[in-house]
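Chain by chain, the residues run as shown.
Number of protein chains: 2
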Amino acid sequence: MSKRGPLRPKITGFQHPFPPSAGTFKRSNMLKKYIMAPGPTPIPAEVLAEASFPIIHHRTPQFQAIFKAANDGLQLFFRTKNQVMTFASVGTGAMESAIANLTSPGEKILVASSGHFGNRWAEIAKAYSVQAELYESEWGYAIDVEEVRKRLKASPDVKIVFTTLNETSTGVLNDIQTLTKIVHEAGAIIVVDAISGLGAAPFETDAWGVDVVLSGSQKGFMIPPGLAFVAINQAGIEKNKVAKNPRFYFSYEKALKKLTEEKMPDTPWTPAISLIIQLKKALELIHQEGMEAVWKRHAALAKATRAGVEALGLKLFAPTAPSPALTSVITVDGVDSGLINKTFRDTYGISIAGGQGKQKGKIFRLGHLGYADGSDIILEIARLEMVLHKVGKKVVLGSGVKAVEEILLAENL
Amino acid sequence: MSKRGPLRPKITGFQHPFPPSAGTFKRSNMLKKYIMAPGPTPIPAEVLAEASFPIIHHRTPQFQAIFKAANDGLQLFFRTKNQVMTFASVGTGAMESAIANLTSPGEKILVASSGHFGNRWAEIAKAYSVQAELYESEWGYAIDVEEVRKRLKASPDVKIVFTTLNETSTGVLNDIQTLTKIVHEAGAIIVVDAISGLGAAPFETDAWGVDVVLSGSQKGFMIPPGLAFVAINQAGIEKNKVAKNPRFYFSYEKALKKLTEEKMPDTPWTPAISLIIQLKKALELIHQEGMEAVWKRHAALAKATRAGVEALGLKLFAPTAPSPALTSVITVDGVDSGLINKTFRDTYGISIAGGQGKQKGKIFRLGHLGYADGSDIILEIARLEMVLHKVGKKVVLGSGVKAVEEILLAENL
Chain A
7 MSKRGPLRPK ITGFQHPFPP SAGTFKRSNM LKKYIMAPGP TPIPAEVLAE
57 ASFPIIHHRT PQFQAIFKAA NDGLQLFFRT KNQVMTFASV GTGAMESAIA
107 NLTSPGEKIL VASSGHFGNR WAEIAKAYSV QAELYESEWG YAIDVEEVRK
157 RLKASPDVKI VFTTLNETST GVLNDIQTLT KIVHEAGAII VVDAISGLGA
207 APFETDAWGV DVVLSGSQKG FMIPPGLAFV AINQAGIEKN KVAKNPRFYF
257 SYEKALKKLT EEKMPDTPWT PAISLIIQLK KALELIHQEG MEAVWKRHAA
307 LAKATRAGVE ALGLKLFAPT APSPALTSVI TVDGVDSGLI NKTFRDTYGI
357 SIAGGQGKQK GKIFRLGHLG YADGSDIILE IARLEMVLHK VGKKVVLGSG
407 VKAVEEILLA ENL
Chain B
7 MSKRGPLRPK ITGFQHPFPP SAGTFKRSNM LKKYIMAPGP TPIPAEVLAE
57 ASFPIIHHRT PQFQAIFKAA NDGLQLFFRT KNQVMTFASV GTGAMESAIA
107 NLTSPGEKIL VASSGHFGNR WAEIAKAYSV QAELYESEWG YAIDVEEVRK
157 RLKASPDVKI VFTTLNETST GVLNDIQTLT KIVHEAGAII VVDAISGLGA
207 APFETDAWGV DVVLSGSQKG FMIPPGLAFV AINQAGIEKN KVAKNPRFYF
257 SYEKALKKLT EEKMPDTPWT PAISLIIQLK KALELIHQEG MEAVWKRHAA
307 LAKATRAGVE ALGLKLFAPT APSPALTSVI TVDGVDSGLI NKTFRDTYGI
357 SIAGGQGKQK GKIFRLGHLG YADGSDIILE IARLEMVLHK VGKKVVLGSG
407 VKAVEEILLA ENL
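Quick note, the sequences are listed as chains A and B, same order.
Quick note, the working numbering runs 6 ahead of the 1-based positions in the first sequence.
Quick note, the working numbering runs 6 ahead of the 1-based positions in the second sequence.
Hints were generated in silico from the structure; no laboratory data involved.
Check before you lean on any hint, since a few could be wrong.
Identical copies look the same in the list; a pair holds intra-copy or inter-copy alike.
Stated by the list, open to error - Each computed PhoX-like pair below joins lysine-lysine, with the alpha-carbon atoms no more than 20 Å apart:
#1 LYS396 with LYS269
#2 LYS250 with LYS132
#3 LYS156 with LYS263
#4 LYS264 with LYS247
#5 LYS39 with LYS368
#6 LYS260 with LYS132
#7 LYS159 with LYS400
#8 LYS366 with LYS264
#9 LYS348 with LYS114
For clarity, every value in this text was computed on a predicted model and none was experimentally measured.
Could you build the full structure based on these sequences and the hints that come with them?
Given below as C-alpha cells:
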C-alpha cells in the first residue's frame, strides 16, 4: 500500500441502475433479470446498442434514410402496401387516434371486445361522444363472429367496427380474417387493435382487406415503448375525410401528407428519433428471420408453454383460442395469482404479468412475445415449477420442462 | 496468410449507422457529427449509455423508484411543488393536451404568439372548435405585454391565455413573469409552451404563479425526443374540471390520479420506459450542476454567440429579446440561409437550424441549448467563419472566435 492509500479506491455512493428489489428472501443479490411479460418484451443487444449512439437531427438526409428504411420494414411487418403512420406515443394513443380520426360525435359504432383492452375502445368512444354498442365475449373466449354478424344486421347504421387481434388481458386470439369479411359484408369498415398480436400471430392486412390496423413498439417489434403505428387503406382514408371528431397531434391527414408528399417520408412533428433508429435495427433482424418464420416460432413457443403448464396440472384460462403471444393460466386453488407474480419477480428476477380487471388475483400470464426462443420457455416453466413448490403446490420438478422439451424437439426450436 | 485466406476478413455489406451524407465536397469521409440545433440537443454519454441496459418492466418496484426519482427531478426543474405529468409524446402532443384538457368547444381564448410555434396554439384551437383570438408580435420581437393587457380588457370573456416562453422559430424570449401577472389581473389563467425554453431561461413556475407549463424532452432536458411534460397548479385543475373538449390518452384527470393516488407515482398507460430511465440520469446531472448555474451558463453561451456573430458583421434577427437557447441570424445578402445550413451539415458535420415559416431562407439559427459549453460556441463560430468564407462573404478568419473567447474568459466558461 502506498502512502496515498489503497490502490483500489473504495467505491462509495455507487448506484446500480437496477437495484435489487426489497424482497424478503435471503440469497445472493446477484439476481439476473428477465422480462417474460406480454410487453414490454426483451430487446436484442444489437437493438439496445443503437440507442447509445449520439443523437442525430431528424431533418437530415442521414435520419431520412433511416426513417425510410424503418417505414419499408413496417409495411413488410404489417403485410401492406398502404401507408403505415408512426407516432411518438404508446398503444392507447394509437387507439384514441382511431376514434378521433374515424368517427364523429353522436355516431354509432360497434365495439367487439374480448376483455380489458377491447373494452377500452368503448371508454375512448365515450370520451369522444360516440355511441358505442359494446359486445363483450365471455373473458377467456374469443369474439363470436356470428354474434358480430347478428349485431351488425340489427344496426345497419353502424359503419365502423372496433376490435382486438390479441386480447392481452385474457390471452385470447380473435379471428380477424373472418371478422373483416363479416364487417365488410355489412358495409362497414374494421379497425383492429393489433398492439400485442402483430408479429406473433399470422396477420395479412392487405390479403384480408383489414382497413385500419394499429400496433405499439414494446410488443412484437422488440424495442422499448414509445412508438405507435397505424396502417390505413383507402376505405379508412375515406372515413377519415368525413369524420368530425377533433385531432391534431394524431391527425391522419397531417401524418399521411408528410409520409407521401415529398421524395422521402417524414413526420409532421419531431419523431422519437432514438426509438426509430432502434426500430429500423429490430425490423432488420425480424425480416432476416422472415415473417412466416417469426409466426411459426411464436406458435411453437406458445404450444410448448401450454404443454408445460398443463403437465404441471394447471388449467389454461383461454383453452379454445389461445394466443401465440402469451399464455394465461388459472392460479392454484387458494393462491392469489399476485403471489405467483411476486415470487417470480422477487425470488427469480422474472417479470411475468398478473390478471387485469375482473381477473386480478385469479390468473397469471406468461409472455412469449418478440425476442423469445425455446430457451426462454424452458426457463419460464422450470421457474414456474419452483414457484409452485414455494407457494405450496405439489409438483414433480422437471415434469413441466419435460413436456416443453418434447415440443421443442418436435418443433426444432 | 493461411490457406483459409487472409486473417483479417473483408468486411462486406457493412452499414454505418450514420452514413456520410451525399454532399458534393471532396474530403476524408471521417466527419465528426455535431448537433447545434435548438432541439434535438446533444446527449451526454452517461445518458446515452442508460438506454443500452436491458429493458425493465414498468410495473415493478425497480421502475417505480426510477419514475419517482425522475418525477422529483422534474419538479425541481420546473421549480414547482405541483404535479408534473409525463406523457409518451413530443411537444406538440403536450400543446394539444392543454387545449383538450382546458377548453370547451365554442370557448373564446387569447393566443399571444411571437412566431411559428406560438401560432400553433391557434391551429390546435381551431381543430377543437375553440375561438382563438390571435395576437402575433412582429417576428423577431417579443410579445408586447401591454397589448395583451389591452386585448384582455377588450375581451372579458377570455378566461385562458396560451403563449410561448422561448419562440424557437425566431429566437425570442418572452417575459412570462409579467405576462402571468397581467393575465391573472384579468381573471384568466395562463398556459405556457416552455418546450424549448425550460432549462435555458430562468423560469419560476410557483414563484411567478404560472398555471400550466409544458415542455419536451429533446431540449433542455438533454435526452432524446419522445417525452412531454405538463406542470399544473390548482387553478389549472379547476379549469380542467369544467373543460368539455374530448381527451383520453392525454387526460389530465387520469394522469393526475395515477401520479397521486398510490404511494408511488405511476402513469395510466405504459410509459416510454427507456426514455424515463434516461430522464432520471439527465436530471441527476442537471441538479448536480444546479438550476441557477444551468441558467447562468446558457446566458453566457448566448452572449458569446451573439458577440461572435456580430463581430463577423452579421445581424441578429432578434436583438431586443434574444433567447438564451438559440441565436437567430439574418443571412448574408443574396445567400439563401438554406445554403449556410447545408454547408454546416455537409462540409463540417454540424446540424444547425434554418428559418421556419415566413423566415425560411432568410435566417439561420445557432443552438446553444442543453448539453453545451464554451467549447461548443468556439467551434460553432469558427465553423461559421469558414462557412461564410465558402459562400463568398469576406470575413477575417478568427475575428468571431476572438469575440467569443473574450466573453468566455469574462464569464469563466
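Each hint tested on the structure:
| no. | hint | verdict |
| --- | --- | --- |
| 1 | LYS396 with LYS269 | neither (60 Å within a copy, 28 Å between copies) |
| 2 | LYS250 with LYS132 | both (15 Å within a copy, 12 Å between copies) |
| 3 | LYS156 with LYS263 | neither (38 Å within a copy, 39 Å between copies) |
| 4 | LYS264 with LYS247 | within (17 Å within a copy, 35 Å between copies) |
| 5 | LYS39 with LYS368 | neither (25 Å within a copy, 54 Å between copies) |
| 6 | LYS260 with LYS132 | between (25 Å within a copy, 15 Å between copies) |
| 7 | LYS159 with LYS400 | neither (51 Å within a copy, 77 Å between copies) |
| 8 | LYS366 with LYS264 | between (43 Å within a copy, 18 Å between copies) |
| 9 | LYS348 with LYS114 | neither (42 Å within a copy, 51 Å between copies) |
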